[in-house]
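So the chains spell out like this:
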Amino acid sequence: MKIRVHVRIIPRTGLLDPEGQAIAHALSALGFAGVGDVRVGKAIEMTVEATSPDAAEASVRTMCERLLANPVTEDFSIKVERA
Amino acid sequence: MKIRVHVRIIPRTGLLDPEGQAIAHALSALGFAGVGDVRVGKAIEMTVEATSPDAAEASVRTMCERLLANPVTEDFSIKVERA
Amino acid sequence: MTRVAVVRFPGSNCETETLAAVARAGGDAMLVDYRETHLRHADAVILPGGFSYGDYLRSGAIARFAPVMTAVRALADAGGAVLGICNGFQILCEAQLLPGALQRNAQQRFASRPVDVRIERTDTICTSDYAADEIIRIPIAHGEGRFVADPDTLDALELDHCVMLRYVPVDGTDAPYNPNGSMNDIAGLCNPAGTIVGFMPHPERRVDPALGPGVGQRFFTSLMSRIATGVAA
Amino acid sequence: MTAVAIAEPFPGERPVTNEIVREHKLNPTEYRAILDLLGRTPTLTELGIFSALWSEHCSYKHTKSVLRRFPVDGPQVVQGPGENAGVLRLPDGWAVAFKIESHNHPSAVEPYQGAATGVGGILRDVFTMGARPVAVLNSLRLGPLDDARNRYLFAGIVRGVGDYGNCMGIPTLGGEVSFAPCYTGNPLVNAMAVGVLREAELITARAHGVGNILLTVGARTGRDGIHGASFASEDLSAESQKRRPQVQVGDPFTEKLLLEASLELITGGFIVAIQDMGAAGLTSSSAEMAARGGVGVEVDTSKVPTREAGMTPYEIMLSESQERMLVVAEPHRVDEIRAVCQKWDLDATAIGQVTDDGIFRVVHDGRVVAAIPGQELVDGCPMYSPPAEESDVARSRRALTPAADARDLADALERLLDAPSIASKRWVFEQYDGTVRAGSVMPPGCDAGVVQVAGTSFGIAMTVDCNARHVLLDPYQGGMGAVAEAARNIACTGARPLGVTDCLNFGNPEKPDIYFQFVEACRGIGDACRAFGTPVTGGNVSLYNQNPAGAIDPTPTVGMVGLLADVTMAVPSHFRVSGDAILLLGETRGHVGGSAYWAEVLNTVGGAPPPVDLDAERALQQFLADAADRALLRSAHDLSDGGLAVALAECCIGGPWATKRYGATVDLGRHADTVTDAGWLFGEDGARALASCDPAHVAELQRLAHTHGLACHFLGLVGDADTDVIVQRDDRTWRWPVNRLRRIYLDAIPRRMAAAPSDAGVD
Ligand SMILES: Nc1ncnc2c1ncn2[C@@H]1O[C@H](COP(=O)(O)OP(=O)(O)O)[C@@H](O)[C@H]1O
Ligand SMILES: [Mg+2]
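Residue numbers (numbering that gives the first Met the number 0), protein chains in the order written: chain A, 0 to 82; chain B, 0 to 82; chain C, 0 to 232; chain D, 0 to 762.
The shape of chain A in the complex, shown without the other chains (with noise of 0.2 Å):
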């Protein structure tokens, strides 16, 4: 069956997140109160053939772990929608 998976990739807490910093401080610039902790990553999409909803998260993981998060900076989650 085709399974559309979500993943994120966050940067590591702890890292300096610079793009997060610039856009809390353009929040904040236009007014947005309140903004904190912003950290910017990347949302990826994919649909993918799998027997089962699990083996499509077991393989988005693989993909994850092998390519899509770099391990030194980024952690990633995933989501996978279950029709």
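Check before you lean on any hint, since a few could be wrong.
[Unchecked claim] Derived pair list, reagent style DSS-like, types lysine-lysine, alpha-carbon separation capped at 30 Å:
1. B/LYS1 - B/LYS41
2. D/LYS510 - D/LYS24
3. B/LYS78 - B/LYS41
4. B/LYS78 - A/LYS78
5. A/LYS78 - A/LYS1
6. D/LYS510 - D/LYS60
7. D/LYS302 - A/LYS1
8. B/LYS78 - A/LYS1
9. D/LYS24 - D/LYS60
10. A/LYS1 - B/LYS41
11. B/LYS41 - A/LYS78
12. B/LYS1 - A/LYS1
13. B/LYS1 - B/LYS78
14. D/LYS24 - D/LYS63
15. D/LYS302 - D/LYS342
16. D/LYS510 - D/LYS63
[Claimed, not checked] Taking beta-carbon pairs under 8 Å as the criterion, some of the chain C residues facing chain B (in silico):
17. TYR52
18. GLY53
19. TYR55
20. ILE61
21. PHE64
22. LEU96
None of these hints come from the bench; they were simulated from the model. No residue lacks a Cβ here, since even glycine has one placed at the ideal position from N, Cα and C.
Starting from the structure of chain A, add chains B, C and D with the ligands where the hints point.
Just chains B, C and D with the ligands now, kept in the frame of chain A:
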């Protein structure tokens, strides 16, 4: 209260997503079969000071419309962590 | 003659001037396609600058899986000379042939300008023709050159003298001397043996004295003499 | 009426009604011409094709008669207007291909992608001539940076220009940016590309050889930018903002592969012709190639590789998906072509053939959905010469003067250096790779960019220029002035001007005052080009640059290339040695009308701009090149916006990354004349440049100037590093610490860009 909000910003369907294409290619070259329709966007997380999760969501929606997402090329979705 | 392979990945765009710089330094420069699985008996390999695979996902992330990288790794493991310039440096980090990662510049913008860097080590494969602590002015052009590593790795890098090039301020500088927010002002690294090197600046753009001070030329002459004296594999 | 050729609607296609004709921006005269031409009602696909090719962008229906008056010949011309790019001869069998193009409307809607795809498009125009691109330039016009939307557009446009050229590995070597309220909501993005080829390897976009095959190479076709060409030919209104066609997304990575594959196909002799699918995509590329070759073509849209299923022939013909090429080849070459493309990870797909009946035919799954006489499709659009008349507003603007001069002229210079239009553009070009390819002789920040032709001793100098305020105030003088300024910039590096490409950005030509600006500016460009022997080899027209508040200032951007015979003799723009003599070349008459001083300091956009003296300009150009040949100059910088004071400040401040900046002491008092102080400091008389030289060379330079009939005034000396810039005149002295000037000049744009966030949503 402090509320953690997750934003996903993804290029509109129909628009070319060269990054998604390149990733799809790379995954298939790595031997991951059956991956399709890869789209790459941004994942943003932030903490918002708001009176309720709904208020947080509304405020982040405005942030997306004004700054975070490009209204011409991107769609966004928001998820609020409810403790 | 010294055989130097310059790898072209899809999206590489500095291979021509890199080949020319090698040839000018007296080397036998060969262009090697990313699909090749051996380096044609090269003594050294250079991964040139550019945007391999469009730099999509992360710069260097996709290129590190190219078929040729198996041969690059083999040469590196055998103690051979491996250089990564700009995108090549990013690929070497992604391939974990060098530690750490190169992330988007702190100011979130591409940076194309001359920078002043100090040669911190002169016993690597490409810096022997420079004086210790010599400072040279050399171009950079990158969007993702901010070196990051965890604190332990960073300490180890300093302890083992693996920082080969560092951004430094010189008199009269009125732009940030560190152009991208790199940790410890790191512009280039090597492994402890000095045989695997990667750096953001582009020495191959500064080899022709007709176009300005040819301060980059000695990266390539150093490489030639190091290989000639047989230190590398 | 009998139909010339039969076509039937594609299933599901709407029948053509008057309403639909209107939606396609075809007026009744044009629709009548279509009916006459076909002898029947067009199908929707045909209507779409007409609408694209008969848009201003493709047909030049309002402008052709004017453009015909440009000089296009010269001994150096290899290829004049009409091809993808113009080509001029260089020494030793080399040639330079160059062209400029606008991407204004797409950039107004989506700045990043609009600018990026603008660069992508102009690069394709150059490499389809068989030339390897060696440099990109850009000319940008934006509304003032105190507006968040303008900052958003500026940031996005600059990032888009940079990312595309950077990824392609082509240095962006020059450009200009200026700001004025008229560009709010309608920014201008003009991109120019310069390429180098062996003259013998030139290829043109002419389909010939009946039975030859048409192939698409590169990206798949999606629903991007459908009707971009006609979109580019209408006023920008709230309505068109809403209509937002599918934005074209650029993929410089694919374009890099396409560049390499195309050059290999051309230099390997595999193909007959090649053209990029730019505005109006497959339609214009196939129709224009066929018309130039005097043949017909048949395109089978069902064979075109698409990104999405279910695309109609209408959509496929009009898509403006980027990074695609149309190639014509002999049938027996198709396999070799596929192999070359494969080497570069690209697909080549046969989609049609060259026919002998002169008909432009589109079939889909065996059904003929469009059949139009090809030559008439390309050439048959009704032409217009609308009335041209200067408006009273324009006349009275020219008569305007400010109430009084600034009280403090020292402060006035600081305000000028802080004006974003004059301030350093370092914030812009530090985002552009200026050194890739290792051939950059003069990077951005100099008067003109210069790139060495690899393997030779010579270089190509290049610049883009236009003082739109001058054009607004006097279109004829302003048009001449744009060419003169470009030539001056080229000459300051020591190069000799060779030829011109132009990008004519104007408002709605159907309004007489706008059309007047157009006609007069073009007359000025033509006259200057004739005087300088720099033919116009091509260009681009962008009309309907209006927003609800009115038209943009007329902005005919002039792109120019020149030949620097020996790159080691290139003359830098800034002072380099303390104690050097400072020379002012050319006569100062003190014209402050239309000046930046009036506009930026006295808030007066008005007056008559300085009249252009073409003979004096030519003398200056020749002097500069001769002086460079003899290595007599240490630096040369042209005088333009802000006049002598700004030029002097810039020479002292030094290049964008200079670690040394010099003081100077200049005495204007030895010139007894009637010029006012403001006229001396800020007047914008043309045909002038500020040079520095070893004091030992002053006499020789003055003799050389004399032989050219050029004034050459000794003004003073370059001072020590980090000292003051001092200008004296009789009992007056103005003094500025050079480091203070430098800070103002460098910070003006970054300070404004950091002031508040870019706001994508504001409209
Ligand atoms: N958009 C731009 N892109 C690249 N370089 C630019 C841009 N704008 C200005 N520059 C560079 O800054 C320098 C000064 O520009 P400008 O003030 O327009 O000079 P000039 O008046 O001599 O034409 C030139 O070298 C020019 O190439
Ligand atoms: Mg100039």
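Given the hint that D/LYS510 pairs with D/LYS24, does the C-alpha gap stay at or below 30 Å?
-> With a Cα-Cα distance of about 17 Å, the restraint between D/LYS510 and D/LYS24 holds, given a limit of 30 Å.
At a threshold of 8 Å, is the proposed contact between C/LEU96 and chain B supported by beta-carbon distances?
-> At about 19 Å, which exceeds the 8 Å cut-off, the nearest Cβ of chain B leaves the hint on C/LEU96 violated.
Is the straight-line distance between the alpha-carbon of B/LYS1 and that of B/LYS78 30 Å or less?
-> It holds: about 14 Å lies between the C-alpha atoms, which stays within 30 Å.
Hint check, C/TYR55 versus chain B [nearest Cβ-Cβ separation less than 8 Å] = Result: holds, 4 Å to nearest chain B Cβ.
Using Cβ atoms only, decide whether C/GLY53 comes closer than 8 Å to chain B, and label the hint accordingly.
-> holds (6 Å)
Given pair status - D/LYS342, D/LYS302, alpha carbons within 30 Å | holds (22 Å)
Given the hint that D/LYS24 pairs with D/LYS63, test it: the Cα-Cα distance must not exceed 30 Å.
-> It holds: about 19 Å lies between the C-alpha atoms, which stays within 30 Å.
With a cut-off of 30 Å on the C-alpha distance, tell me whether D/LYS510 and D/LYS63 pass.
-> holds (17 Å)
Are D/LYS302 and A/LYS1 close enough, with their CA atoms no more than 30 Å apart?
-> Holds: D/LYS302 and A/LYS1 sit about 28 Å apart, inside 30 Å.
Hinted pair B/LYS78 and A/LYS78, Cα distance within 30 Å | Holds - the C-alpha atoms of A/LYS78 and B/LYS78 are around 13 Å apart, at most 30 Å.
Regarding the hint that C/TYR52 lies at the interface with chain B, is the smallest CB-CB distance below 8 Å?
-> Constraint on C/TYR52 satisfied, holds at 5 Å.
Going straight from one Cα to the other, do D/LYS510 and D/LYS60 come out at no more than 30 Å?
-> Since the Cα atoms of D/LYS510 and D/LYS60 sit roughly 15 Å apart, the hinted pair holds (cutoff 30 Å).
Against the hints set out earlier in the document, violations occur for numbers 12 and 22.
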